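Spelled out from the first residue to the last, the chains are:
2 protein chains.
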Amino acid sequence: MVALMQAKTAKRLAKRGPTAKKTALVRGEPVVRGILAATMEELAHAGYSALRIEDVAARAGVNKTTIYRRWPTKEELVRAALLSMGDDTICAPNTGALRSDLLALARKMVAIAGSPQGRSLTRVILAEGPDSELMTIAKSLRDVHEAVPRAMIEAAESRGELAPGIDAMLLFNVIGSAIHERLFLNRESVDDSFLNSLLDLLLLGAGPRRRPA
Amino acid sequence: MVALMQAKTAKRLAKRGPTAKKTALVRGEPVVRGILAATMEELAHAGYSALRIEDVAARAGVNKTTIYRRWPTKEELVRAALLSMGDDTICAPNTGALRSDLLALARKMVAIAGSPQGRSLTRVILAEGPDSELMTIAKSLRDVHEAVPRAMIEAAESRGELAPGIDAMLLFNVIGSAIHERLFLNRESVDDSFLNSLLDLLLLGAGPRRRPA
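Residue numbers (our numbering), protein chains in the order written: chain A, 7 to 219; chain B, 7 to 219.
Bear in mind the hints are in silico, worked out from the structure with no lab data behind them.
Bear in mind that the values here come from a model prediction, so they are computed numbers and not experimental data.
Hints are supplied without guarantee of correctness; some may be wrong.
Identical copies carry no separate label here, and so any pair may be met within one copy or between two of them.
[Said to hold, decoys possible] List time: in silico SDA-like cross-link candidates among lysine to any residue, alpha-carbon distance up to 20 Å:
#1 114 / 201
#2 114 / 171
#3 145 / 193
#4 70 / 82
#5 145 / 135
#6 114 / 205
#7 114 / 125
#8 145 / 192
#9 145 / 194
#10 114 / 165
#11 70 / 58
#12 145 / 195
#13 145 / 200
#14 114 / 52
#15 114 / 182
#16 114 / 74
#17 80 / 69
#18 80 / 60
Using the sequences provided together with the hints, build the complete structure.
Put into structure tokens, the structure is as follows:
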């Protein structure tokens, strides 16, 4: 994804010619991280509809043209901010077994969803309504978010750890739902004991175990 | 639960003596249903903290003393309103097999959670914050809400349909979480095709099936 964004930046720069190069912002630079963090904060504060680039600029302490230069529309800015969430922490675990991979990923999901950023994002998405632009942006990022599960499923399949015919992506979605429900609706903490019971249920199944190999 | 409430009413009447009997409201009477429905509507409109008995009375078209007589506190009124949700529809399915019981229950959960009442209740609970009185009331109703799953688990165990050592209540919670996530966070519909994939995953498990009986 970082590569994709760098490619896009390069393309945009090429259109503008060599002079634009000096002002290009590279992802990972402190100013970029500051703008994206400010965007998340404004999103939590004002919601998507009322979010203004001016307010993000003020919060980040930059000129608004600095933002427009890299993200010409509000949609692009918010998309980049959402993508930046958990950027440093989400990568496919590689423990050598599906169960321990799932436990490692679930712990990361708990950390991100339970963070102040994760909590306010959930609140904003719930408040914006079913056909909101924010919802559309969030859904468009699904492919990006599913990259980690896909890598884990592939590794598990190569080790023969998944039953044939099972909807493996649903396995990940159900883990996410169970974590969100506890954190946001029941307001309970999620510890390893809960995650282990959940993985027992999802990997072994609740039904009797008398099927042949 | 109905029996319990009737017993409480009888006790209250006994304290007041025979004259109170004329004004007693019996659960299921149109006026009671009207007050509880008005309470849910006010709750959706104002939230729990700002909910006033006067406004419920006005919405239901009754005198506020009619409400206070049966539910002396706001907490009791809201608890009764929450209990009345789905009262007519939730009873343990009895299809003779765990899987079809779960499918029947899941369909009812979708109908209740997706109703305007269910949606506004979720919104209000999410908005009220972690230590809200409404959250405390909702949690105190957990025993009541778990009566149906407990009956289904008992029946399934007697038919040998549950693996030993599995957390069967978690099975129900996970079905609920998956439905809520789709309805409230992803804003997607929940159809039988989704429910069947979910039940495949939860009953058969995602892991390889080569364990002995």
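Hints violated by the structure (listed by number, smallest first): Going through the list in order, the structure violates hints 2, 10, 14 and 16 and respects the others.
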